[in-house]
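Residue numbers (this note's numbering), protein chains in the order written: chain Y, 2 to 316; chain G, 9 to 299.
Watch out, some of these pointers could steer you wrong.
[Claimed, not checked] Simulated coverage check for chain G against chain Y, where a stretch passes if three residues somewhere in it have a Cβ under 8 Å from a Cβ of chain Y:
id, region
1, 82 to 95
2, 116 to 130
3, 203 to 210
It is worth saying that the hints were derived from the structure and are not from the lab.
All values reported here derive from a predicted model rather than from experimental measurement.
Backbone N, C-alpha and C fix where the C-beta goes; we use that ideal spot for every residue, glycine too.
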Amino acid sequence: MKKHPLLVALCIVAAAIVLAFGPMVLPPFYVRVGQIMLYSAGLGVAWAILGGFAGYASFGHAAFIGVGAFTAGLVESQFPTLAAPLLLLLGFAAGAASCAVVSLLIAYPILRLRGTFFAIAMLGVSHVCSEVTNNVDIFQGSLGLNFPQIAPAGMDPASFFYEVYLAGATIVLLIAWQIRRSRFGAGLLSIREDEDTARMLGVPTERYKRTAFVISAVLTGMMGVIYAHSLGYITTESVYRDDTNLNLIVYSLLGGMGTLFGPVIGAGLLVFVTQVILARLLDFHLFATGLLLVLLILVAPGGLSGLLKRRKTAA
Amino acid sequence: MNLVAQTLADGLVLGGIYALAAVGFSLIFGVLHVINLSHGILVLMGAYIALIVSTELHVDPMMTIPLVMAVLFVFGYGYQRFLIQRAVDRASVNSMLLTFGVALMLQNVMIWVFSPDMKNITPSYAFKSFTLGPVTLDAVRMSALAASLVLLSCLAVFLKFSSLGRVIRATAQQTMAAQLCGVNVRHVYAMTFAVSAAFSGAAGIVIGIILPFSPNDEAGWTMNAFVVVVLGGVGSPAGALIGGLLLGIVNTLTAQYIGPSFPNVTMFLLLVLLLLVRPNGLLGNAFSASR
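Model the full structure from these sequences, guided by the hints.
This is the structure we're talking about:
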């Protein structure tokens, strides 16, 4: 069955509209959980543009969350009198620009690495960014950075940020969908399957990888800008987090590596499990995440969509 | 001049220990092509076992090396045979994530058992030191360095001359050909992992003597091992030694002349520089598995 190309986009938009009513019906705790789910889903999809489509699994995307958030905060603090919507736009522009510059700078050396080497080198990038932010005074990483309150008066900030996250995640998903069905997206998939053959057949692999890397970094940075605003105050530790680095891989692994909706499903599921089911067992968190990861790789290396596919072919 | 000599000497001592701490990681990667992200956990397990045994039995921590190596040898064999082997033939990122999952679980267990506090092993000669020309060396660091060099040499001899060592090297070079010659590859993989775990545990003792440690350090030791392997080249004690010494010198020089919080930054810049000019590592072929 051939799906009509616009059908997927319509489904995404329709789902977004339905979800937009969430804060009106959900109790406050679940609005908060919904925020985290949408944030994670947006990040997961942004990660998957490089990690899922092109097969370059990054272990350090928190670097871009941090770079985006800190640049946005520093630029915004220069314009204290600006109106809230303009301020957020300015933050987005600054965060996106800084992530684009950083990712372009490191793209050449780091994309020469493949597989696990790329993954770990990205972890290094994330640690270095975090250390620089923490130790160079102008970034105020150890001191912390305040963000102005941008929720409109009369609206509950939690609901407001829920909607902003929803908008962000929807845009990221639409961009990923557009990439997936373009020639560029097909090129990325061919890189994942066999990079050397793809290059031999005339796919401009270097340019495609670089573009995917920059797009993924910029979108991650923009989610980071929203995250920083919703927290209101960030330090180095609150944005450069190793558990984020890991979770971004787990979302795709759980939902299905390289699929469009895999990271969304994986993020929703993992956030539900850790925030709702394990909410009272904080000491147990690390262990549970590790166990989940081990079981996932041993039992379902293709993720949930892989399991479904295996069932289908077996039947 | 004195400061430079002292810094270089400290760097070399630290580098020798980095080399020992990385050699297990290097061997596993060279033979199994698995990035073992639970490497730091193996190192810390060695340190904690040595801490408990040496305080309970009042023996010198160096005396616990055989015991620690034996325990980790058995642990490593089982860990590889029952868990990692199941993911070893799949995509490399999967085996890496598997070891990461195990690392998270064991780190949590260590926090329950040993508390998240910093610990250190204090031998009886903790505060003795001696001078050599312009350079002051303390006894603890010197014994740690000596232990590292002896252990590294033992491993090199083992790999070079013993029959198991020869089989391990053959498997690393051509897994398929080794299999055709009758090598039981699964057994060799497990033995390699066991030997690597044993040496990681021994490195843990040496580290525990000179530096404080806590369950949260494991990622740092894994990263260090990775950098050492990329710098030196994969799969050989000599590569680990070169990479380790280089890293040790760079770390102490940075901490001395740029700032105590920047060693990771220079370490990473060095890594990128090396990838640009010599992507195979200084010795050997670090990236054959990733190409």
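Hint check, failures only: Checked against the structure, the only hint that fails is number 3, while the rest are satisfied.
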